[in-house]
Amino acid sequence: MPTIDSGDAARRVLFAASASITADAAGVDTMHSLLDTVWEAMRLAPSLTLPPTAWRNEFTTAMGEIGSNIIRHSLSLQAETLAVCQLEIELSDTSLVAAFRNSGAPFTGEIGQPLPIADDADPLNLPEGHFGLALARRSLDDLRYERLANGQNVWTLVKKVPHRSQEA
Amino acid sequence: METTVEERSSTVAIVRFKGRLDFLSSATAREQFQALIATGRNRLVIDLGGLSFIDSSGLGALIGGLKGARQASGDLRLAEPTPQATSVLKLTSLDRVFRTYGTVEEAIADY
Chain A
0 MPTIDSGDAA
10 RRVLFAASAS
20 ITADAAGVDT
30 MHSLLDTVWE
40 AMRLAPSLTL
50 PPTAWRNEFT
60 TAMGEIGSNI
70 IRHSLSLQAE
80 TLAVCQLEIE
90 LSDTSLVAAF
100 RNSGAPFTGE
110 IGQPLPIADD
120 ADPLNLPEGH
130 FGLALARRSL
140 DDLRYERLAN
150 GQNVWTLVKK
160 VPHRSQEA
Chain B
1190 METTVEERSS
1200 TVAIVRFKGR
1210 LDFLSSATAR
1220 EQFQALIATG
1230 RNRLVIDLGG
1240 LSFIDSSGLG
1250 ALIGGLKGAR
1260 QASGDLRLAE
1270 PTPQATSVLK
1280 LTSLDRVFRT
1290 YGTVEEAIAD
1300 Y
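Protein sequences, first through last, are from chains A and B.
Following the numbering used here, the residues of the first sequence are numbered contiguously, the last one being 167.
Following the numbering used here, the residues of the second sequence are numbered contiguously, the last one being 1300.
No lab work stands behind these hints, which were simulated from the structure alone.
Hints may contain errors.
Unchecked claim - Calculated from the model, a selection of chain B residues having no Cβ within reach of chain A, i.e. all distances over 10 Å:
1) Gln1223
2) Ala1250
3) Leu1255
4) Gly1291
Unchecked claim - One-sided and incomplete, this derived list gives chain B residues near chain A with beta-carbon spacing under 10 Å:
5) Phe1212
6) Leu1248
7) Lys1256
8) Thr1275
9) Ser1282
10) Arg1285
11) Ile1297
12) Tyr1300
All C-beta atoms in this analysis are idealised placements derived from N, C-alpha and C, irrespective of residue type, glycine included.
Required output: the full structure, derived from the provided sequences and hints.
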């Protein structure tokens, strides 16, 4: 049963997977492993076509950025037990969607912050951080954050599946 | 992540990464760059061919290394970037900042 709100109620879900992500190196491994299962499912399913490497890399990049932000924030809180977030991935005939759900402090930054690296930037004045969200956003078709009434944070990452005519 | 350092000469060093260059490993990478520059090896070549993943934290470490090398009158160049590394460099416009080469030897030869 699909639980992700991808904004496309008419979609046909082809594959779904989920995992608990701990706030440590193992959690990062789990995150990447879960995505590997998606690529394998796409490769094996007769009704699907494995998207180009570039497309997959972009989604991996975005998921890595959002996931690592959640994990890093949890680590900075130095909780007695490893904080956990739930990662759900859903592949449909129209899009690949990942949703990170966790409890804790709300995100108060600006999701639409621009990339702080200008095309003509002086290398000696380049920022060394704070551009992960912009990188994630540029890698996706949609990136959403929602604070639910029950105090849960939900990050939703959406990338449209390329059709055969767009693969070249 | 595994890191291998080859001190090619008194001014040139090659740093090879294997695994993920992300928020868990970026601090170590930064320290490695700083240590090499402190020994006078201000011409760095970073072999990205063994990376399975790089994120904005990893890019930040490369930027920090680039700054340090250039402030020491040297440079930090990238070699053999993986497709995912090439993708993030382009998405962040950092492909216009870093000199990138197909092989480590090409990067060294161009110094």
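Against the structure shown, which of the earlier numbered hints fail to hold, in ascending order?
-> 2, 3, 11 and 12
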